[in-house]
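*Asks:* This is what each chain is made of:
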Amino acid sequence: MISAVPKERAADAIRVVVSEDSAILRDGLVQLLSDRGFCITGAVSDAAALERSVEGEVPDVAVIDIRMPPTFTDEGLRAALELRKAHPDVGILLFSQYVETRYAADLLAGGAAGIGYLLKDRVADVSDFVEALVRVASGGTALDPEVVTQLMGASRRTGSLSTLSPREREVLSLMAEGRSNAAIAATLVISEGAVEKHVANIFSKLDLPASPADHRRVLAVLRYLEG
Amino acid sequence: VTEPQTDDGAARFHVQVGGRGRAVGVSEVPVSSDRTDQFRRIGRTIVREPFQRRTWSELAFFVISGLVAVIGIAFTAVTMVGGIFLVPILVGLLLIAASLRGTRGIGAWHRALAQHFLDERIPDPDPFRPRPGFIGWLRAALSDPAAWRALAYTFVKIPVLIFGVWFALTVWIQTAICLLYPFTGAGGGIRGIGPLRNGFVMGHITPGPPGPVEPAVVFLYGVVLLFIAPWAMRLVLWPDRLLMRLLLGPDTMTARVRTLEQSRAQTVDASAATLRRIERNLHDGTQAELVAIAMRLGQVKEKLADEAHLDLEQIRRLVEDAHQGAKEAIVELRDLARGIHPPALDTGLESALATLTARAAVPSELSVAIESRPTPAIEAIAYFCVAELLANVAQHARASRASVSCVQHGPWLRIVVRDDGRGGAVVNRLGSSSSGLAGLTDRVRAVDGHLSIASPPGGPTSITVDLPYQV
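These protein sequence lines map, in sequence, to chains P and V. This note's numbering applies: residue 9 is where the first sequence begins, and numbers increase by one. This note's numbering applies: residue 2 is where the second sequence begins, and numbers increase by one.
It is possible that some hints are incorrect.
Unchecked claim - Covered stretches of chain P (in silico footprint by chain V; criterion: 3 or more residues with CB under 8 angstroms from a CB of chain V, positions within the stretch not fixed):
| no. | stretch |
| --- | --- |
| 1 | 21-33 |
| 2 | 124-135 |
To be verified - No more than 20 angstroms apart at the CA atoms, straight line, and that leaves these computed lysine to aspartate or glutamate pairs for EDC-like:
| no. | chain 1 | residue 1 | chain 2 | residue 2 |
| --- | --- | --- | --- | --- |
| 3 | V | Lys304 | P | Glu108 |
| 4 | V | Lys302 | P | Asp133 |
| 5 | V | Lys304 | P | Asp133 |
| 6 | V | Lys304 | P | Asp136 |
What the hints assert, rightly or not - Far from chain V, by Cβ distances over 10 angstroms, these chain P residues were calculated:
| no. | residue |
| --- | --- |
| 7 | Leu40 |
| 8 | Glu59 |
| 9 | Ala113 |
| 10 | Gly147 |
| 11 | Thr157 |
| 12 | Ser181 |
| 13 | Ala193 |
| 14 | Ala202 |
| 15 | Lys205 |
| 16 | Ser212 |
Hints were generated in silico from the structure; no laboratory data involved. All values derive from a computational prediction rather than experimental measurement. Where is the CB? At the ideal position from N, CA and C, for every residue including glycine.
Isolated chain P (complex conformation) (with noise of 0.2 angstroms):
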């Protein structure tokens, strides 16, 4: 995918840590991250070491493995939610070789605004992570793929999706990813107008009233989704 965010914009202001046990990831996102102009504010291996890291010096977003020592479940997807209710402005980008829905709807729990869930393989595009890790930091939403997939499937169940059309399914995926009209008319091929109908259809459908904010929007679908 394209870089839509200009390397200049992410570089100065963005503050990060990093807390993954892994010590080749670690040091190959903080080399990354560095190198991409943000401004490491911490690399660290466990939750606890996180949370004082996050004391020293509070970051703009906390880049999360959710499989940390001691037990190597969930202590990431915890030490989130303890992030999230001591700092609420800090974003967050949980980090996971495998996508789990319960993890998903845990985090969403609270809102959809400075909340990230990515496959770890989804580094390998350089850009796109860096793109979703801004918009977390800005407070916005990025979703894996894999993860809105699975968040329908399980949805899918209660039957109301079944009344979209595969086009609007699609729409409404990418927006559940966090992307805005533009980024989905560009990865779909089609013109904005079309993604604004697509979307005016989707809320209709759905029995959501409209609005034009981006993470307003997402929150709308992702209220839909846990439903």
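Based on these hints, arrange chain V on the given structure of chain P.
*Replies:* Frame of chain P, contents of chain V only:
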């Protein structure tokens, strides 16, 4: 006359036996001195027995469990007979089911009494597991094997109890009567207990002419009985213990099933743990490595796309890192695959072990003497044992040489790994240093094998693993 009842008496008796023994021992060889010792021991036991705690515990058990048995018999008889009469209307079945539940409970009382008074630890039978619903409960209650066996015990206990009262309890009662005779006097009412007088040792006390002689004779008889009574009781309790073990514990089939269940659970846990370990290794090792490689190549790709500002030095470093990472990932994957199933095992244990010892960090010799191949599972366990033990030697033993021998002894495969290191190897389930040995022990035990360690501080260490040829 009262001497044997006191400790003095006991001591004197003991000295007498000892004295005679010594006299024999002077002229003869140690064999007879052994026999004297034996006599002395028996004598001591007999003299002390009435004053031992267990003697009185047994008496208490007989009386209390007798009362419980009487209550149990009454309960079972009433509920069972009532139930059988009422079978035509369904209530009867319900009554029988309730009766069986109660009988099982009484069995539990007997077990508790045996544990408390006799130190007889009888394991609980399988717990009552009713299926859901009323019919399920009724069927389970009516077909509960433990309850039916407890019922059988209740009834077999009747003759044992009657025999015990006649054979043992009367002896105790007569002992008491006789010992108290001088104090209650010839006119004491105790002696009138009619049927009890006819215990197996007891004749009939006929009041003799008044005077000091008759009470003294009766008292002496009581003293003799005092030393007999504990043994009579023990004899009576012997079949009771047997019956309890047979009827109140788990039946042999259940016991066998239970041990199998245990070892199955161990095996299942072990294989789940193995899978988890493999997943962890993949997740933390290879997968992370691959993500890092992809990340670096992604960076390279973008840097190459930006043709205006090519920083070849930076790109070269990224590619080098990715290349290095790829090679490490390959090695990790190979090690992991070998950990799941060593390919060398396909050609047999001997060649697999040869590869292992050749690769070992400490110079190792191998000797193998097996006639046929064990089952694949055993081969794999044998292989991993040797691999783990050799790794331990390299890590902890500070040895200069090691040897591995693998010999077939009939249905057993015996593996011995020796080293000339500093010794002190222990199975440590908490510490990390030799937790490998704990894992090995579990693995070996899962197939009914044994692992034993001889590792004195200072060495040398020799660890023996016996594995069955067939699982």
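*Asks:* Starting from the hint list further up, note which numbers the structure goes against and sort them upward.
*Replies:* 3, 7
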